[in-house]
Every structure is written in C-alpha cells, then in structure tokens.
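Student: Residues per chain, in single letters:
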Amino acid sequence: MAQEVHVSESDLERVRELLRTNYKPRDYEEAQELILGACQDVQHLIGWVSPEAAKIIGEHLGVTENRIFGLLTFYADFRTQPPGNHFMLLCHGTACFVAGSQKLIDELQDRYGIAGDETTADGELTVQVVNGCLGVCELAPVVQVDHHDYFGNLDIARFNEAIAEIIRRGPAEGHHEAH
Amino acid sequence: MKLTDRQAFEQYAERVSSDWAKLHDGSSWVFRVPIGEWSKSKGALATFDYLRLLLEESGLTYTLKRVGSGGWNWADPSVVVQGPNHPSILYANVTADRVPDLIASLKAGKPHEELAVGTFADTPVGNIQPIAEHPFFAGQKKFLTADWGVIDPESIADYIARGGYGALKKELFEMTPDEVIEEMKTASVRGRGGAGFPAGIKWESARRSRAEPKFIAINSHEGEPNVYKDRQLIESNPHLVLEGILIACYAVGSNRGYNYVGGEHVLALERFRKAVAQAEEWGLIGENVLGSGFDVEVRARAGGGAYICGEGSALMYSVMGERGQPRTKPPRSVEEGLWRRPTMLNNTESIANAPLVIKNGGEWYASLGTEKSKGTKLFTFQGPLKRLGVVEMEMGVNLRHLIFDVYGGMKDGYTFKGVQTGGVSAGALREDQIDHPVDFDSLTSLGAMLGSGGFVVFDDTVCSVGFARYLMAFNRYESCSKCTPCRLGNPALTEILDRIRHGSARSADLQLIERTSKHVIELSLCGLGQVAPMPVLGMMRAFPEEWRQHVEDGVCAAGDCPMHARALMATAADG
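Each protein sequence line maps, in turn, to chains A and B.
Per our numbering, the very first residue in the first sequence carries number 1; after that it's consecutive.
Per our numbering, the very first residue in the second sequence carries number 1001; after that it's consecutive.
So that you can see chain B by itself, here it is in the shape it has in the complex (with noise of 0.2 Å):
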C-alpha cells in the first residue's frame, strides 16, 4: 500500500475515516481491550482472548480490538464497549472471570452497572455517570492521549483515520522549513525531558547549521524509576511519535531520525519498530515522501539498562554502540553529535507535540498551559494512592488537587507524608508545600522540579532518610564513573547517610552532607552528578527535625532505620 502522493494519501485517509466512522455508527458493537505493560501485568491478555472466545459463541454482530493503554492504568484490566443503544462505556477490572457476566449483561440488553466506571457519552446511561464528570478524567486535556485506548497502535490504518500524518502531509505542502520553526517557536514547547528548554530554539538552531548530513535523535530511553509516560506514549500511540520525528526532520533539513528506546521496554520498542515498518509501506519513509521531494529514514535504537544515557552526549556515544559517558562540552551535540553529525536531541513528549502544533497552530498551543509553561504535560504519580495511571494536564495544575482529587489520595491505611519531585534529581514536598502550580519554574523555588513529570507519594512509614539514603544509592549505582566528584562523591554521602541510618552519625555529618553535595554538584562533569545530591538535600530541607532526631537522639520516627530495630533489641534485652 505505497501512497505515492498528495492525492493518494488523501483520497485513503478520506478511505479510512469513512470506515472509522462506519465501525462507530452505532449499527454493531465495538470492544476495546487496552493492551500495554501494564494492563498485561495485570491478566488483559486473558481478559482478551476469554472476550474473543464468548463474543464469537454470543451471536451479536461485533468488532473487537486491541488498544494501546489508556492512561487509566488502575482500571485495567479494562474493556471499552460501544454498541447499538449502548453509548461508549468504560468497564474496569473486568478481570478474565468477569467476562461471562459482562456479556451476559449486554446481551440482556443493559450495561453493567456495578463494573462501570463511566460512560463516554455527554450525558448518564442509568446510573453510569458521564466520564468527564469522574475525578481521574474531569480536569485532562487530552491531546497527546487522546487516541489512547481508541486505536490500535499497531495499525497504521487507525491513526490516518482519526486524522494522522495530517500534520505532516501540511507540512510538506503547505510549509516552509522556517515557516514550522516558526510555529514551534509561537508555540513555545518546552523540552519535556526535564531541562525545558525551548524546543523552537532548538529546532531553529539544527536548521541553522550548514553541515550535512545532520541527524534528529530522539531521548526515549526513560531509565528513571517510577516514571512511564514515555513508554506508554509509545505504546498506546507509536506514530505520534513517529510523526513528531518526521516533522522535525523535514523542518531541520534533516534526513535521519533516531529513537533510542530503553532496551528494557520490549512492548514500546516492538509497537515503534512495526510502526517504523508500517510508515515505510505506506511511502510516508523513505525517498521522495508522497512525491514532495522530501527523503527520509527512521531508525530505532536499543538502550541496555543505563540511567546515565539519558544525558544528551551519553545518548550518543550508546546509539553509536560505545559505552554511555557523556564528555564535556562544548561542542554541543546540536554542533557534534551522532557520527560527528549535528544532531538535534528531543525528548519523546516533546516531539510527540510537534503534530499538534503543526495541525492546530503554534498559538492554540501556546493558548494552554502558563505563561511561562505552555501546552499540557504528562504525568505519573505512585505510591500508595487510589488510582494510578498517566493522565495528560494542562500545565499549571495543582499539586495538591492532582494528588488528592485526580490520583484519589491516599489508599485506606496510609496516611501522606510527602511527595518526592523530579524522579532522583530534585527534592521532596510536605503536604504544607502541595498547594502550589505544577510547571517548569514554580517548584524550583521549594527545592522541587517537574522534572519528567514523575512523582513518587510516600506515607509515613517511610523515613525520610532512608528515602534519601535509596535515592542517592540509585544515582550511586547509576553514575559512570568518568569524572570523579561523581563516582566518589555519592559513594561518600551514601556512607553517610548509611551512618545516620545506624546510629553512629555525629550532627557535624549533617554539614558534611551539604559540603560533599556542593562539590559533587558543582565539580560533576554531566547532569547526572550535578544534580544527584539534591534528592539528599530536598529530604533534609523538607523534615529537618526527623534529621535532628537521627542523629542527636537516635531515634527512627518511622522505625525503618537499622537504628530503630536495635533500640528495639535494646529495650527487648533490658526489660
């Protein structure tokens, strides 16, 4: 199915959206089962094929289909149902055992009341309430997710006909290079890595650069703990992404782009690579796309388990198959990266949000968000909350709003202590710090960071350092060891922290904490050292006085330190 132009691709895509359109009109039913990491984890695969088994005894005229996650990662696994009389409505921990009756139900001609989370439609089906009104879905904006569990990420079919590679097929039509560059700039999309610095700019100065060949890398590694957007934007929707990367190679006058994926995402790595293969039967990679000159390839790269080759120079030096140890710059690698290449690096939310700039305009874009952080984020927070899952924000929101209202707040039995910023780069909150806008700068100013949107919620078992104690061990482990205020910093604060931990600290290690950091943070050669104290520092900042107790009274408020199990044995031995 080679499109070989304009006309083609568009007499399909009217093609497909007029199938699309066909499917929902209401005449037959529609199953969705999201299938992603996380839903499997969880039995969807069963919940699918139980499904398929009963639907084809069940006589109903029916479609069913794989879709990427929806974000609503808690409700998995889950089953998105649409039929005659019978709006869209989304069914949660629809486990393989639940099938039966959930068809039986159908088939009685009613929904099932008891496993819906919510109806799709404007208005309630019985008792099953709107969607838009549930506390998880009320406030996102879904732009980047809105196909999320509406496609199936492995056709390519689906995305053109929901309106895919629209953006692209304007772009090589009906814009210049700087013409893009310049809605990007309007838009002002900030790097979603964790840097925010302003895509624009950057695109701007890879046009910029005369050297050719350059290249479009593209940051989809992810090695943080407890942060998936990525991954699970890859997917539930791997030519978003894709798109993105061809858009910015044609706007920077480049004809190679690279994603290099986390080794350890199998499922992400796979969906990009059949999406990578897709695009080319389709003409939209490869040499003279849809006949408007405009030659490209895609490449995916495998990553093999190391944090550190997230950083831009690290990232590099992997795709080429070295070790990930990022160098010193200048040169930067938008003047020297892949092969000596200029190449332009963005991270995967970013270019993901290239498609929508280009589609809806640079100044609809910058309509969302504050004034300083424009456009929506994705985030994902853990811990011991209700709900868990990836919800897309404008940005700006709430802290306190989106852990206690979006999230559902602590589950029975816990109670919040604080909230972790930033994955492993930035420092913790108190609940009397939460009422604060969630955006690039607003959380600096409290020793905190948007960071890639990742936040981890703790309760009060948990020490505030021993948390630090794991989150200065992961930076530890995760150092490569190049320069050495990093590799013999944070073993060093790690000690420290180890002592505090056993009792043996004196209150002079507590400065000798901010006076390593301060090296380590100062002297590091990449961004990995010169943030991997602050996770320390943001601990102390936020609890200072369960610090103080640790080490002037030996006491573990939280009774997790080593400490704390030998006053018990202490205590146990005198009584």
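Pulled out of the complex, with its shape left as it was, chain A reads as follows (with noise of 0.2 Å):
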C-alpha cells in the first residue's frame, strides 16, 4: 500500500473556490453530467485528485464519493496518487509506436523501475503512458514534460537527457497547472 498523503487545507480550499466558481448545477442531472469535468479541473489544479477533494467535489455535485473513485478508477486520464515533482506524458500513439515509443517505456522499467503510471522511487518523476495521442505526430516519438514542454524525436540517449535536464531544472512551482 502506499503511504497516506494528504493535500495542503490551502489547495484544498482552491478547490472548493474553483468548484464554487466555475460549476454551478442548476439540477441534479446536470450536477452529475459535471462530475468527469469537475474531477479534471481539480486534477489540474492540484495535480491529482485526492480522496479529500473526491469528498469536496462529491459535497459541491451532490454524489457521493464512491461515485466519485468509480470514475477515477475508470477513467485513464486520473491520477489518485500524487504525482512526483515533474509529470511526463508518454505517448505511446500509433505514430510514435512506429517512431519506437515501446524503447522508451522499456527504458523507464530498466533504468528508473517504474512502469507506466508510476513515480520513480525519489520522488521526482511520475510518468503516464499515454495510450491515446498527444496528437504532434511530427515529433514523434515525443513526451510532454510539466504540461508545456515537449521532448521529441526521442532515442534512448536523448530521453535519458531530457530526463535529466527536467529534474535538474528542479521543481516547478505550481506546475500543475495545465496553463
């Protein structure tokens, strides 16, 4: 299991601010037609969606908690673990399968030992496979790095190097947030 860990009462309350702001339900059906979008806004804001701010976006939509994991549990896009001080998309498209992405995610399991949707052990990294598409095939095999950068045309050599350079840049602040 992994360890407990709790968001700041301060992000929590940037939470409950964006939900009082930008989700305002005029019925039940509407409030339930909300929760996926409402989940992806808090995930941007805070990086994750906690079992507390489940419970805040639960209490704002008038659903309950269980509703709320059922979603992030099957929805890819969600993360219930907080991620490390950088996030990696890998996208693992059919442009940058045939560009060699596979190379890459072998890499991460040889190199760092995480698989897709993992942290690295010190906390620096979590990366997420993305099975979808980034959707700038050019680039390909590519990686999106803290929401803004993209890595592309990756080898081994040149992901290991963009590795290194994100986590030397050292943690963003307020890198979570997709804008």
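Hints in this document: simulated from the structure, not taken from any laboratory.
Every value quoted in this text rests on a predicted model; they were computed, and no experiment measured them.
C-beta: ideal position from N, C-alpha, C; glycine also.
So the derived list for chain A, only partly shown, Cβ under 8 Å to chain B, looks like this:
| no. | residue |
| --- | --- |
| 1 | 32 |
| 2 | 35 |
| 3 | 36 |
| 4 | 37 |
| 5 | 70 |
| 6 | 76 |
| 7 | 78 |
| 8 | 93 |
| 9 | 95 |
| 10 | 97 |
| 11 | 131 |
| 12 | 132 |
| 13 | 136 |
Since each chain comes alone in its own frame, lean on the hints to assemble the complex.
Tutor: Below you can see the structure in the form of structure tokens.
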C-alpha cells in the first residue's frame, strides 16, 4: 500500500473556490454531467484527485465519493496518487509506436524502475503512458513534460538527457496548472 | 453585443465583413500565426511573442493575429504575411530566431524567399510559386478547413465576417425543419466517425421521435491514437462545429446540444467553451434566437481518456457522469439516450458539414466525392513521412497519391512497408495495394477501412507481428471489461502474439488467432470488441510470409521481436 498522502488545506480551499466559481449545476442531472469535468479541473489544479478532493467534489455536486472513485478508477486520465515533482506524458500512439516509443517504455522500467503511471522512488518524476495520442505526431516519439514542454524525436539517449534536464530544473512552482 | 433579431444580425454581419475587407485591402500589413496544440509543441508561441515585439519596434502599420492551425502542421511554426505590394505568403519553420530575418527582409520591401512555401496569390511572386501548385495544397478542396489559418478561432466576429452563422440564419428564417432534413438527405453526408451511416436519415428519425425533450450529442472524443482531425477542427474553427450543432437542434426539434470532447484535448475544449460563451453573448444561443422563437442551449462536456467512450452508448453514460460501459441495443440512443431521452449522436466532422450543406445546398455537396461517398474528408497521415498535417480532399482520392504526393512520401532513409488504415480497427495495406480510391466502401474489400481518416505509414524496421501486437494491446487496454469475449479474448490474442514474438509459437497458433478472433468479433457486445482483432487479421493477411517466418523459421526479418535479440545472442555465444 502506498503511504497516505494529504493535500494541504490551502490547496483544498483552492479546490472549493474552483468548484464554487465554475460549477453551478441547475439540477441534479446537470450536477452529474459535471463530475468528470470537475475531476479534470481539480487534477489540473492540484496534480491529482486526492480522497479529500473527491469528497469535496462529491459534496459540491451532491454525489457520493464512491461514485467519484468509480470514475477515477475507470478513466485513464485520472491519478489517485500524488505525482512527483515533474509529470511526464509519454505518448504511445501509433505514430509514436512506429517511431520506437516502446523502447522508451522499456527504458523506464530498466533504468528508472517504473512502469507507466508510476513515480520514481526519489519522487522526482511521474510518467503516464498515453495510450491515445498527444496529437503532435511530427515529434514522434514524443513526451510532454509539466504540461508545457515537448521533447520530440527521442531515442533512448535523448530520452535520458531530457529526463536529466527536467530534474535539473528543480520542481516548478505550480507546475500542475494546465496553462 | 446581443443580436436580438434577424436585421440586427444582418447589420452586424455586414459591418464585420466590411471591417474584414478593409483589413485585407492591402493598405497595411497583416501577420497571422497559427496557434494550435501542434504548432505550440514546435514553438509557435515564442514565434508569436517575438514577432509582436519586433513589429512594435518596426514602424510598420500592421495587425498581428493569432489564428487556428492551417493544417500545414509540417510547416509550423508558420507565419502568413500580407502587406502593401506583398500578396499573402506562407512562411514555414519560422522559429523565433528566424523572426528578425523575416522582418528585415519585409522592411526592405522583398519577400523572404528561403522561408516561403508559396503565395496564396494566383501568380508567382519573384521565385515564390502559387501555393495551389504545391503538392500538399494542390488537390485540396478546402470547405471545412476554408477558414483554418485565416480566422482567429477565439473571435466570433471573425467567423461572422467570413459568412459564419449565415447558414443558421437562413435555416431559422427561410427553411422548415423538414426542408433542412431534405437538404441533408440530398447531400447524403455519411457519418465521419467511421461507420458511414447517412446523417440525413439519422436526423429524420430523430425528428420523427415524438418524445420531448430530445437532445443532440456530438462525439468529439477522438480517443484513437494518431487521429486528431476533430481536435484540430475545433481548435481551428470551433464556431463551425457549434453552428452545425445549432442547425441540427433546430432541424430535429431539440433544445439542447451536447459536445463531448476528450478531456486530454485541453485547447480544443477551451476554445469550444469560449465559442459557446460568445454565441450566448451574441444571442445565437439562448432563448428566442434572433427573435425566431427557437430556444437552444449547448453544453460542452469533458471526457476522461477512455477510448471506449467513442462508442455511442458509452458516450452517453460518460456524459451522464457514469463509467463509459456500452449497453445492449436496442433501444438505440436515438430512442433512448441521454437521461433516457431520444438523443441523436453525430461525429464532429459530420456536424461541421451541416452549415456548408445549408449554405450551398445538398446538390452542391453531393456533387463532391464519389457515387456513394459524398463530400470531402479530413485526413491525418502519420509515420515517417516528409510532411504531416491535416488535409481536406474529395472522397475517392487515390491512396498512393495521398501518401507519396500530398504527404511527400517517405522521409529520407526510410523504406515504405505498409500503411495501417482505420485507426486501430482495420487492416494494413502493402505497397502493391495502395493504388486505390479512399472512400467509405472501396477499402473494405481489402480488409482495410477509411474509419475516421487516420492512417499510419510504417517502414521496414517495423515488424508486422510487433505492430499487430501493439494494436491488439491497445484494444485490450481500452476494453471496458463488461462483456467476456472482449475482456478475455483480447488478452488471449495478445498472449498468442507474444508467443510468436518470443519464438515459442507453433504453427497451430496462427489458426488459433483466427478462431479466437472470430469469437471476439462475433460475440462482443459493442463495436470495440467487434473490430478489436481486425488489425491482427489484417497484418496476417498483408504480410503472410513474415508471420510464417516467425512461427516456422524463428526469424524476425525486421529485427524487432525479442526472438531476434535472442538469436543474435546465441550467434554471438557460438562465435
């Protein structure tokens, strides 16, 4: 079992604020339609959907935490564990596959000891393997780091350089923000 | 800026059109930088910022616009420049460091020939040729994409200036819903999500349903790897999609439209939401639209990264905040969809065709394309090709022409081996099979498929068994696990493929693949399972010798499978 991690009270307050501002369902049907979007926005804000955050979303929209966890565990986008200092999306779409993204996934396992959707033991890097597509296929194989930077046309050497570089930068303040 | 009636709309449209014409009359400079997810990944924001800085200092009279992607993604970061004595020219690969050079050249009164791809004018400018002669642009019929790279996707004024919402106005004031549906049927727009079901017939059955209220849902989920045409359609011109939704709502008698957008398409979702907010503010969404008595609302909903949610009933569940697991049909969603109400589901590209059909007529639309596949189609090709991007071609375009002319053929040093068709749902084609028109029906005889228009070209370093395993594993991962054939069949097939790749398969395994595939295809509940094994069967059919070698000779010619590494090690040990 992963050890329990808590989100700071100030982050939770930001979550409440976000929901109050942007999520105003007019009826119960609309409230249910908003669950997934709320989870997405909360994850963009604090990097993952923690149990406390899920509870707040549930209270705001009038649905149970169970319902929310049912969604978080079904939909691939969501993380129920906190990410490391840096967050990487590793594209494993078809175009990236034919350009060698499988080799990068193997390298993650061999060198960093993580499978897709895991965090390195030192807490520096979380990698999520995207089964779909980042849609920037010209850079294949490509990773997106901390929601902004792309490193493309990677082979194993350049992949490792990219990881070293982003770790060297140190944790970016507010790097969970999508934009 | 609320437009309360038809006249107010027409006056406004006239005003913004004349503003638009004035901006482009050649008296001042206009710079456009396409900003989309793709161009951002290549540094277009830096180009934009630097351009803004240098233009401020340049002394030129200019307008700098952020526009949507033009589809020429390979040329990004790109800049389109028009100016006094300077017809519109597309400049490619204008990374930030090249901006000073470009500005210096323009200030000196001459186009920058090295960076230029072509001119949008009809005649050459110095050595710069008309872009219509460039192979990437030559065969394109730009209707859906007409305003890509031209208008600011975040500006409703730009859209209206180019004739936008004119089709909605025409529909509301000059057409009955039945006439609209008649036009859609004449046009015979077929569903662009892959199934190819005629949209007009769908609209008609939704219209006929007497249960009220009823809804429209648009599938902009696009979870398929390597397809991004819907995403780019929304990013580059969200109002076109929105106008299509409004037209459909009016035609079928619905007061609420949904657009379900993949949660990972952050920019598309943002721009679509902005478009909805603007249309509300302009009075094109809401109560009594333009005084016509038509009430409508549009809701944008985010997905969560599950490919299965492209399936109709799964999409409905996902919109309703449930797990996206398909259910048995009937009832079809047009009878019982969102909130148990009749819901008509259309693909993004299909619905974006509606404004064009209403504006230009069904006959016009039906004059494009082939006998059974009308109109144009957005294509995305991936893999080691010289040019990547989204093109809009008439249905029936030749596949070889697309690959080797439009997309420029293979990058230097790569040899064409095959092309995967239909996303993850159909088979691949070899080089001797690609002299073939691309439309909804022509490819099926080859075990290939148009699907949503996503094709991936691969070279001879890619093993067809390994590729089949990848495609199989994709479907295995994306299976919702509700029905047994899909939940167990796909992992079983993946295991067989792994045996083959590791060199421990027997020849009976090839028959086992066929048999297991048949079970999965025939017994699965929904479209995902029913096509999941198709890419494997397709690869086996396209490259039978390669599969035989794997199983019988223990050889992976592409040198990609684990058995190859083992063979190398054994040889090294012997040596």
